[in-house]
Amino acid sequence: METLRGRVWKYGANINTDVIIPGRYCHLTDPQELAKYCMADLDTEFVDKIKPGDIIVAGPNFGCGSSREVAPVSIKASGIGAVVAPSFARIFYRNAINIGFPIFESSDAYDEINEGDEVEIDPDSGTITDLTTGKQYQAKGFPEFLQQIMARGGLRGYAEEVLASRTQA
Amino acid sequence: MGLTISEKILARHAGRDSVEPGEIVMVDVDVVLANELSAALAIDEFKKIEGAENILRPDSAVFVPDHFTPNKDITTAKLVQRVREFALSQNARWFEVGRAGIEHCVLPQNGIVGPGQVIIGGDSHTTTYGALGAFSTGVGSTDVAVAWAIGKTWLRVPPTFKVTYHGQLQPWVGGKDLILYTIGRITVDGATYMAMEFHGEALAGLPMAGRFTMANMSIEAGAKNGIFHVDDVTREYLASVRHTSYTEYSSDPDAHYEHEIEIDASQIEPQVAFPSIPENARPVSQAGDVKVDQVVIGTCTNGWIEDMREAAQVLRGHHVAPHIRCIVVPGSQEVQRQMVKEGLMEIFMDADCIVSTSTCGPCIGGHMGVLGEYEVCLSTTNRNFVGRMGARTAEIYLANPAVAAATAVAGHIVGPDEVVGRRAAA
Ligand code: SF4
Chain D
256 METLRGRVWK YGANINTDVI IPGRYCHLTD PQELAKYCMA DLDTEFVDKI
306 KPGDIIVAGP NFGCGSSREV APVSIKASGI GAVVAPSFAR IFYRNAINIG
356 FPIFESSDAY DEINEGDEVE IDPDSGTITD LTTGKQYQAK GFPEFLQQIM
406 ARGGLRGYAE EVLASRTQA
Chain G
4 MGLTISEKIL ARHAGRDSVE PGEIVMVDVD VVLANELSAA LAIDEFKKIE
54 GAENILRPDS AVFVPDHFTP NKDITTAKLV QRVREFALSQ NARWFEVGRA
104 GIEHCVLPQN GIVGPGQVII GGDSHTTTYG ALGAFSTGVG STDVAVAWAI
154 GKTWLRVPPT FKVTYHGQLQ PWVGGKDLIL YTIGRITVDG ATYMAMEFHG
204 EALAGLPMAG RFTMANMSIE AGAKNGIFHV DDVTREYLAS VRHTSYTEYS
254 SDPDAHYEHE IEIDASQIEP QVAFPSIPEN ARPVSQAGDV KVDQVVIGTC
304 TNGWIEDMRE AAQVLRGHHV APHIRCIVVP GSQEVQRQMV KEGLMEIFMD
354 ADCIVSTSTC GPCIGGHMGV LGEYEVCLST TNRNFVGRMG ARTAEIYLAN
404 PAVAAATAVA GHIVGPDEVV GRRAAA
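Those protein sequence lines, which keep their order, are chains D and G. All residue numbers for the first sequence refer to the working numbering, where the first residue is 256 and numbers rise by one. All residue numbers for the second sequence refer to the working numbering, where the first residue is 4 and numbers rise by one.
Calculated directly from the structure, the hints in this document are not laboratory data. What you were told as hints is all true, and nothing was included just to trick you.
No farther apart than 25 Å at their CA atoms in a straight line, the calculated lysine-lysine pairs in the DSS-like style are these:
| # | chain 1 | residue 1 | chain 2 | residue 2 |
| --- | --- | --- | --- | --- |
| 1 | D | K291 | G | K75 |
| 2 | G | K51 | G | K155 |
| 3 | D | K306 | D | K291 |
| 4 | G | K81 | D | K291 |
| 5 | D | K265 | D | K390 |
| 6 | D | K291 | D | K265 |
Take the sequences, apply the hints, and build the full model.
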């Protein structure tokens, strides 16, 4: 996967899916439409201030709350390149993997990286480099099965392989 | 070493003798739930899966349109239309408005979910069915689409967090109070990725309604699933909904638990979770003076008939305070029918409550009771996040149905004894 690079926007702990994409917009299904309301109830300036490739660094339990897949979909469509957090709520974690959106687990990165820093991430090794401070952090690795899913760009590729092997059998 | 109930169910569905926490397994799925929101995205995704034309096992796919139904506006009407067409064309199980209600009440009441099953749903509160001894968890829309296509899903086997409740419950204390208290103690990420397994003699007499509420809100502690063992209360309930063939699993005595806590439930008072996170729980007697504008009783967390009886017991012979709107939302059409039969409708209406059709509506700030700027709401729902029920500046408190009813009468947050006691004295 390609190297990710962007400016950091920092948020606190327990950022829940209701503030990432409020329920009143959840009937939307078009990613570009959803992107317009990304973080609407957390940071009203979010969509205007971010640039493609920027990176969110947030506190533990990122994405807690509902199962809405539109949460990672709206973040991905907003142009954000990745989210780094000490931990992710589990449905957000699996949704991100299933749609092929890069997430990285690191407590040190959250503690030390400042808003506005320029950060580079190597998705294959999980190495996070803060170009502003020169410090490096190592994100937790993903289990092999999940790496395979991500390498296929999401869960759909996996399902297609299963279906193909069934028709052959 | 022995296995927990969650591990046993997952092992069985993975075609294995045992599984270990942390490993990722592909499991067969017995029921795949979707509401109109998760279904809409899942349908788009399903259509993109090469080689998938039909849902592999249509009778396992259940659709309940409940979030914005009866359709709130043209956009949501179109969305439901699209989902309806898909579900019917696939011969899946479609629960139309008027024969349904909120998904997490509809599935148990129709005998669709039961012990030993693996259930996934495009809704985080799919954890509800763990009350029946199932492994049940919320997933995203891509997971739903893939489960339709191949009948399987991937799961990381969760370590188990055992919570044991000792002692006898105080009056007016139910499942809602136990779970709010527990979340207050372990915090909203206290059980992240884990299975919460509920034990203890305090739960023995707890009706299914209270167990559903606890399993429902296990996600509010970050859990992957919440699970109870099957007992006579469960068996009786399953018989009443004609769910007759199932396998009961139970944790081995030497099963491994990642965490264990013991709670003296006899010390727990009715709880109130303060804004804006469910872990801000405190006893109602320490709520202080909190004036409210709206009270919501019901939805999927406390919308069962037992909950309605409890609220009615408090409201009978009283009136909702003049400045308050009290909205009652039965969990399903079935619950509403029973409310009519038992005369509860009349009690609510005489008390000046409005009884809504069964819908998620106010719980997600969708319709039927959206909060305005700086309004305060006490609700029996499960989340008090910022903006959840309407305006960002609105504040939400969570409590059980009896506290909600008492608050509606008093105009500020109080426990039920203050209202019921007042009547007895009069
Ligand atoms: S009532 Fe609320 S919590 Fe329950 S399913 Fe509906 S939106 Fe979700």
